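Novice: Start from the sequences, fold in the hints, and give me the full structure.
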Amino acid sequence: MYYFTSHLRVVTALVIREMSTRFGKNPGGYLWALLEPIAYIAFMSLIFMAIAHKPALGTSFPLFFASGFVCFQFYSAMAGYLNSAVNANRPLLSYPNVAPIDTIAARFSLQFCTTCVVAICIIAPLIMQLKTTPTIRLSPILTAISLGSLIALGLALANNVLFQRFPLYDKIFGIVSRPLFLISGIFYLPDSLPPVARDAILINPIAHLVMLFRTGLYPEYRAIGFDLDYLLRVTTVLLFAGMAIFTISRGVLRAR
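Under my numbering, read the sequence shown as residues 464 to 719, first letter to last.
Everything labelled a hint here was simulated from the structure, so no lab data went into it.
Keep in mind that this is a model prediction, so the values were computed, not measured.
Among the hints, erroneous ones may be present.
Unchecked claim - Okay, the calculated beta carbon distance ranges per label pair: (1) TYR493 <-> PHE467: 39 to 47 Å; (2) TYR693 <-> ASN560: 35 to 43 Å; (3) ARG628 <-> TYR651: 34 to 42 Å; (4) ARG641 <-> CYS579: 23 to 31 Å.
Just so it is clear, CB atoms sit at the ideal spot from N, CA and C, and this is done for glycine as well.
Specialist: Structural data, given as structure tokens:
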């Protein structure tokens, strides 16, 4: 019980420190976390409204793009923030009570809460402005954001070690990750593509996350090709592999 209480105190202190570092002491930092995704969704909506009569699902372009972008953020923003957790807090690891996993836990907690608040602030108003309020199913939405966050966590646990041991891997990971935004079904439906293209897109587990998230907002969406078992297997493998690499690399993580 003492170790749990000590760990909780350390993580809480790190969360407060991260909030101050990331958002600053004025409301502008928090406001920007909300304005950035809103600006993207508005921009994409204007472009597609000019070239299409209606979105692939529903009647609202902003809601369709928000459903893809917000879900993607639970993976993308989380992974990007966690990948540098240990390195950014390395001076604090000289204190005996601060462990590398504490930095991961603090950033995970802060990013998850931040993305949840942003998601609610964006999607709730878009739903309320619809003429007909859709039937919202929370189960697939919560499952999608949880699995997306866990995939990011598993990758980040490994990346905190691998980025330090192999600097070239850091650059390779960044290059490989860039196309994810285009191949995750954020502004289109994978099941509307030709079978060969759809099968290629659905190798990407993030595309399954977006499809699952949208089934919670659009009851009529059938999500052809979605595979929950595949998504769970990928999440489990990445999470346990990340935990194993992180656990056996304590010396690397604490090295200066």
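Novice: Now tell me, hint by hint, if it's right for this structure.
Specialist: Hints versus structure:
1. TYR493 <-> PHE467: 39 to 47 Å: violated, 30 Å
2. TYR693 <-> ASN560: 35 to 43 Å: holds, 40 Å
3. ARG628 <-> TYR651: 34 to 42 Å: Holds - the Cβ-Cβ distance for ARG628 and TYR651, about 38 Å, lies within 34 to 42 Å.
4. ARG641 <-> CYS579: 23 to 31 Å: The hint (23 to 31 Å, Cβ to Cβ) holds, given that ARG641 and CYS579 are roughly 25 Å apart.
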